[in-house]
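Spelled out from the first residue to the last, the chains are:
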Amino acid sequence: MKFSLNYIRKETWSPYVAGILLGLVGILAVWLSNSLLGASGAFENLAGMIGKAIVPAAFANMYFNFIMPPGITSGVILLVGVFFGGMIGAATSKSLKWGKPDAVNSDVQWKRTFGPQTWKRWLLAFIGAIILEYAAGIAGGCTSGLAISGGMLLAPAAFLFIAGMFASGIVTALIIYRRRY
Amino acid sequence: MAGSVIALFLGVFFGFSLNKAGLTKYSKIVNVFRFTDMAVLQFMMTALVVAMIGLYGLRGLGLITFPAVPATYIVGNLIGGLIFGVGMALTGF
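Listed in order, the protein sequences are those of chains A and B. With the working numbering applied, the first sequence corresponds to residues 1 to 181, in that order. With the working numbering applied, the second sequence corresponds to residues 1 to 93, in that order.
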């Protein structure tokens, strides 16, 4: 009991233990609600909802009517849960940075690579996130929705996606880090 | 309503496991592409194996039916993955 409590307080678990937990969550998702975990779809649901309210004409297409229906779907609620789950995880290890001065950009490696400016971090995150979401739209899911959730149902799409993701991720990291690779 | 509660519950554990595996950090995500820290792969593959065994076992027992499997369209999946990797290495999310 004491051991497990101490383990929960650790900042970083063994990835195998955390992976087992995620695997169980994935099973429960199918068992309890017959759905798959996913993150990127929720952003499209929300974007569709906001877009429909502002410029209905631009969003009255096939994609937003049938593939990604706008609205507060269970994926959006799941994403809210992910947000709070991450905060709980950080709070249990006392690494929650809410309100702390370095909360906006605390990654040492990032600062060493790109410099200490916070706006750079936010700009890169913003641009990168657009790329991420666009790519997730093309592929039909992101790391969680397609690679993990699809992979556990042995969907071929998931393994194609993982292959593509690592191929270009490695090349991008090579370009960013060049000699420090 | 019940569905929302379940989704919230699942989300909390999902976020919790991501945080504990360290996947909420930029360096963890980027270092897997530099082959200096394999936590992302270890985490993903463990989750995959556990979930595969559990899901196929439960289906074998007749307790669950699979939801719609993500569609396979080779070019889309591959190109999506290729663009996704660029974003992932840039942002570290």
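Read the hints as simulated data drawn from the structure, not as lab findings. A hint or two may mislead.
Covered stretches of chain A, as calculated for chain B (at least 3 residues, CB under 8 angstroms) [as the list claims (entries may be wrong)]:
#, segment
1, 29 to 37
2, 47 to 56
3, 154 to 168
Reference excerpt, derived from the structure (chain A facing chain B, CB under 8 angstroms, subset only) [said to hold, decoys possible]:
#, residue
4, 67
5, 68
6, 69
7, 71
8, 74
9, 123
Here are the simulated distance ranges between beta carbons [stated by the list, open to error]:
#, chain 1, residue 1, chain 2, residue 2, range
10, B, 59, A, 119, 17 to 27 angstroms
11, B, 35, A, 56, 40 to 50 angstroms
12, A, 118, B, 59, 40 to 50 angstroms
13, A, 123, B, 71, 45 to 55 angstroms
14, B, 59, A, 69, 24 to 34 angstroms
15, B, 71, A, 7, 50 to 60 angstroms
Don't be surprised by glycine CBs; every beta carbon is placed ideally from N, CA and C.
>> I'd like to know which numbered hints this structure contradicts. Please list them from smallest to largest.
In response: Hints 2, 4, 5, 6, 7, 9, 10, 13 and 15 are the ones this structure does not satisfy, whereas the remaining hints hold.
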